[in-house]
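Participant: Starting from the two chains in their separate frames, assemble the complex, guided by the hints.
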Amino acid sequence: GAVVSQHPSWVICKSGTSVKIECRSLDFQATTMFWYRQFPKQSLMLMATSNEGSKATYEQGVEKDKFLINHASLTLSTLTVTSAHPEDSSFYICSSSKRRSSYNEQFFGPGTRLTVL
Amino acid sequence: RKEVEQDPGPFNVPEGATVAFNCTYSNSASQSFFWYRQDCRKEPKLLMSVYSSGNEDGRFTAQLNRASQYISLLIRDSKLSDSATYLCAVCPYYNQGGKLIFGQGTELSVKP
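Chains A and B, in that order, give the protein sequences. Under our numbering, the first residue of the first sequence is numbered 473, with each subsequent residue one higher. Under our numbering, the first residue of the second sequence is numbered 1376, with each subsequent residue one higher.
Excised from the complex, chain B in its bound form (with noise of 0.2 Å):
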């Protein structure tokens, strides 16, 4: 089993869908977990951080789920410029110098 897994999709989407992608993560020990987003032949860029008790950024809405192991991003009202992959990142070890470890992304297309 992969430590960090995500559909890989691709989501194709007219926008102003909402969208939900989820990422499940193997080691319970776990402390922090964050979506970036990549753009085509680009290096990620981080998306948000995603706290245990939820977070929200405009039309962004990350979740944390310790007991099940996984994590959510919500993108509601779809723009043409979200589309993108999303990846999913887990820092599995306390310290470990913060190293991350991706799924292997999920690819969203906004159409017209």
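Next up, chain A with everything else stripped away, as it sits in the complex (with noise of 0.2 Å):
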């Protein structure tokens, strides 16, 4: 399988900052990335779409000047929490398909694990 990885594997932050994570297709080119969010006990919620060079698609509900989302390259996409607060904490995963892959297999990272204090 492909290789997706992710920065940071966790991390802490204090209420009103902004977090960046990063991630990153390591062996293939990922024209679309998504990302995910999954709280205890619950499954992955996808938050948005990150197409390389154009804007990213939000899911209802998913606010686009909370989460931003960056795909500047075929190999890289991040998504910044601004001014998180105690309920953005949360475990974050993207994923990413492969260029021309013609049945939509995703490919997930490790994760990021946020949590705001």
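To be clear, the hints were calculated from the coordinates, so they are not data collected in a lab. In this text, all values refer to a predicted model and were calculated from it rather than measured experimentally. Just so you know, not all the hints are guaranteed correct.
[Unchecked claim] To give an idea of the interface, some chain B residues facing chain A are shown, with a C-beta separation under 8 Å as derived from the structure:
1. E1418
2. P1419
3. L1421
4. S1424
5. L1462
6. K1474
7. F1477
8. Q1479
9. G1480
[What the hints assert, rightly or not] Listed below are the simulated DSSO-like cross-link pairs for lysine-lysine, each with C-alpha atoms no more than 27 Å apart in a straight line:
10. B:K1454 to A:K513
11. A:K513 to B:K1417
12. B:K1486 to A:K538
13. A:K527 to A:K492
14. A:K527 to B:K1486
15. A:K486 to B:K1377
16. B:K1486 to B:K1417
17. B:K1420 to A:K486
18. B:K1377 to A:K536
19. B:K1377 to B:K1417
20. B:K1454 to B:K1486
21. B:K1420 to A:K492
22. A:K527 to A:K538
23. A:K486 to A:K536
24. A:K492 to B:K1454
25. A:K486 to B:K1417
26. A:K538 to A:K486
27. B:K1377 to B:K1454
28. B:K1417 to B:K1454
29. A:K538 to A:K513
30. A:K538 to B:K1417
31. A:K527 to A:K513
Ideal placement from N, C-alpha and C gives every residue a C-beta, glycine not left out.
Facilitator: See below:
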């Protein structure tokens, strides 16, 4: 399978600060990356679809001004949680589809655990 | 109604048991179907893609029923190491970049 990395793997920050999470596809080109959030004992909730060279597509109910997504290259997408609050504490996971993948298979990064104090 | 639904469990089974999970989806235009395994505090790992004809990989069998809009996962001869949360995922749109909608996951605990 393909390799997707995320950085950092965990972060603790104070309320009101911004946190940037990086998602990289290490051995393939990713035209599209996806950002998910998972609260304890719940499923992955898709936040947004990140498209290389264009604006991200956000799911209903996700604030685009709070969760800034940038996909500047075929191997890197970033998610910035702006003015983080304790309710933003969650497990954030990115995934990538291989370019020209015919079966929509996604490869997940190891996730970033965010704790906002 | 949720787009993808699973029985959250938990399923507690003894080693060697056979266990089956079902997952229903609401969008009849869904194109791709997957089962993922997620261990505690880790990312999901692809277990199997689900094809129309059904597919088998060792002790794991996945099936798709388009008429009733559900997919299933059967685990035979369960091992302690099978303990995890099993997530079904559906790609609901053909040309939407492949986004996946996940079920809430079914927790499996295999006991000695």
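Participant: Among the hints numbered above, which are violated by the structure, and what are their numbers in rising order?
Facilitator: 12, 14, 15, 17, 24, 27 and 31
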